[in-house]
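K.L.:
Which chain is which? The protein sequence lines are A and B, in order. The numbering used here numbers the first residue of the first sequence as 1 and each following residue consecutively. The numbering used here numbers the first residue of the second sequence as 1 and each following residue consecutively.
Hints are computed from structural coordinates only; laboratory data are not their basis. Among the hints, erroneous ones may be present.
[Unchecked claim] Covered by chain A, according to a simulated footprint, are these stretches of chain B (three or more residues, beta-carbon under 8 Å):
(1) 99-110
(2) 195-204
(3) 212-225
(4) 368-382
[Unchecked claim] Label-pair ranges, simulated between beta-carbon atoms:
(5) 36(A) to 91(B): 19 to 29 Å
(6) 347(B) to 135(A): 16 to 26 Å
(7) 24(A) to 91(B): 26 to 36 Å
(8) 133(A) to 119(B): 45 to 55 Å
[Unchecked claim] Far from chain A, some chain B residues (derived; all Cβ distances over 12 Å):
(9) 164
(10) 178
(11) 296
Bear in mind that the values here come from a model prediction, so they are computed numbers and not experimental data. The beta carbon of each residue, even a glycine, is placed where N, CA and C say it ideally should be.
Listed here are the chains, written in short residue letters.
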Amino acid sequence: MSSQTRSERKLAWLLCAPAVLAMLLVTAYPIGYAIALSVQQIDLRFPEESGFVGLDNYASVLSSSLWWEDLFNTVFIMVTTVAIELVLGMAIALVMHRAIFGRGVVRTSVLIPYGIITVVAAFAWQFAFAPDTGFVNNLPLISDEMDWFGGRFSSFAVIIMAEVWKTTPFMALLLLAGLVTIDSQLYEAAKVDGASAWQRFTRITLPLMKPAILVALLFRTLDAFRVFDTIFIMTRGAQDTESVSILGYNQLISRLNLGLGSAVSVLIFLCVFLIAFVFVRGFGTKLEEGRPG
Amino acid sequence: MTSRRARQGLVTLAIAAVAALGLSACGGDSEGSGPRELTFFVAIQPGGTIEENAKRCSEESNGKYTITPEFLPTDASQQREQLVRRLGAEDSSIDIVGMDVIWTGEFANAGWVDEWTGPLKSQVTESVFKNVIETASFEKKLYAAPFNTNTQLLWYRKDLVKQPPKTWDEMIEQAEALEEAGTIQVQANRYEGFMVWANALIESAGTEILSGPEEVDLEQEPTEKALEVMGRLANSSAAPASLSTSDEDSARLGFEAGESAFMTNYTFAYASAQSEAPEIGKEMGYARFPEVVPGTPSKPPLGGFNLAVSAFSKNKDVAFEAAACLADEDSQKTAVELDGLPPSRSDLYSDKAVQKAYPGFAELVKESIEAAGPRPTTPAYQDVSLAVQRTLHPPDKIDPDDAGSIYDELKSNLEDAVKREGLL
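All chains should be built: construct the whole structure from the sequences, respecting the hints.
P.N.:
What follows is the structure, given as structure tokens:
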């Protein structure tokens, strides 16, 4: 190694150092602190009764039926929203890709829902579906008396709809990034060979977009697993619509039981980690190619 | 060459960063003479009671202190969340806390609020309803000055109902028999209001949720009677479509829209109907919260705010004085005049201001407060309330003919809750 490269490498480390330090400070420290809290009995309302309890908090979370119900709810919301978003997002990406006139306008307007704060969007949809103030019950085919947040599946339907409405644009953008990398000559060649539009989509577009699709799915799955705002505003977890994030919030913020709440948070972190691991391991090389620019 | 320049740049950057940190650390409290600044964290009141009282007390202190209100959201759970986050972090920027009646045990046990003693203690409890003083006390010590109280009455439509029902069963039957507006408005969303309703029914049936901070009482027979009332209403045609998502405001709106002949709600409902729906308002009758067991007097809900002094305040000496002023007779009169909040002093119910706010039913409000069954006092109140909400919501899952199984579930969940065990 010449002295030139050595000093360049040193400079690179120096330049990275502030970022690495900041990352350690804002991510590693809180995660470490949460893990430390999760092995203690610590409740802000009972300052005298704290102490090390080992894995007791984890045992009490994992043996509670509530954790498993909420995990099921979360996975259900995650799978449904991501599946719907993938189909809709793909359709929107294709439209945006093909749009000849007003490309900028189309792309910007599609992005609007994603620009709205989740809490605001959740309130807007909650009002829209409320039996007294909302417009939804005035639509044809819907009973005026329908109480959307009074039943489990109607609540899920509204929550999922609001989530899909909000994050489909993000999915569409990530997919569009993959779409533009495909060489148009491939389509022309296929057309000459007599491939139909559907064949061109399934044989050219989908295989070549696989990396982009995987990246989009990974991002959205991780996001969807931590769903909180929409449920918190719409039902606060009533009608069995609670997600694991709301469960953690209840222990931490309502009960001030930092030990139990941190155990829930660490378990959520492990779930997220597991999802990311499966994606990266399962489709590792493809993710590298598909990283959005 | 490159690396040296880069290093120099880094050093400059580091110096700049350290300098900035040092500078910002220099700002902060400046001690001076003049009035002491007191911060009063309290729920907002739309009529302006808080501002008015803070202004008057600051003026009357003759330059001793000035009170600045900091408003919390209207939702009780969110008020508490903001407060506990600050108090849990020992934030000294709070001097006086507007404390909901259900937080006393929690705040006192955690050492977040200071005890009231001496002459100020007797001053702020003078003529106050006995059960209201209890809501401001924990383990026989007073932790707050009672300010306003609140209770629920039965509101009904005089044009549809000749004789107001005495019991919940009677009310459900009457509502079912009505051709129009045959529903009953209560508060049954999964939130604190649901706990208020459940507790009032359980108390009215003749038992109580807790007999001490960590002892579950909940006698089986009366509790089942109370639960059966919830199940019966929820499974009857007298339940509004949105029963399991209803709160104080949706109940009031439903009543004002003429959808319901009956409603249990706080005293604000009367003034609201007079101004929002005068046609309904003039037909609005009132009666005491209905009984669960015929012949056993009901124990209506009890709400309200007490004023406490934060243990982390740097101005405790004047903060107690200021809190006493903010909760005194004049302040309570202002609260009833501007916001219709029932005073915690029982001697004010013959006062003109109260008579005007509750035309014809000031005595009924007083009687209802005296008879009220407060929610349990315990440091683990949140756990208890969450356990009740989780077990009994939505109320239509309660079998009105056999509440035995849900009773067992409620009792065992509450036993975990007082010990603060398990997830909630």
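K.L.:
A separate judgement is required for each hint: does it hold in the structure or not?
P.N.:
For each hint, the structure was consulted:
Counting residues of the stretch 99-110 of chain B whose beta carbon lies closer than 8 Å to any beta carbon of chain A gives 3, which reaches the threshold of three, so the coverage claim holds. For the stretch 195-204 of chain B, the stated coverage by chain A is violated: 0 residues have a C-beta nearer than 8 Å to a C-beta of that chain, whereas at least 3 were required. Here's how the stretch 212-225 of chain B fares: 0 of its residues keep a CB closer than 8 Å to some CB of chain A, so the rule of at least three is not met and the hint is violated. Coverage of the stretch 368-382 of chain B by chain A holds [criterion: at least 3 residues with CB-CB distance below 8 Å; count 3].
At roughly 23 Å, the beta-carbon separation of residue 36(A) and residue 91(B) lies within the given 19 to 29 Å, and the hint holds. One distance hint, 16 to 26 Å for the beta-carbon pair residue 347(B) and residue 135(A), is violated here, with the actual separation near 51 Å. Take residue 24(A) and residue 91(B): their Cβ atoms lie about 27 Å apart, and the range 26 to 36 Å holds. Take residue 133(A) and residue 119(B): their Cβ atoms lie about 51 Å apart, and the range 45 to 55 Å holds.
Interface exclusion of residue 164(B) from chain A stands, the closest Cβ pair being 26 Å apart, more than 12 Å. Separation of residue 178(B) from chain A is adequate, the least Cβ-Cβ distance of about 17 Å exceeding the 12 Å criterion. A cut-off of 12 Å between C-beta atoms confirms that residue 296(B) is not in contact with chain A; the least separation is 31 Å.
In this structure, the earlier hints numbered 2, 3 and 6 are contradicted, and the remaining ones agree with it.
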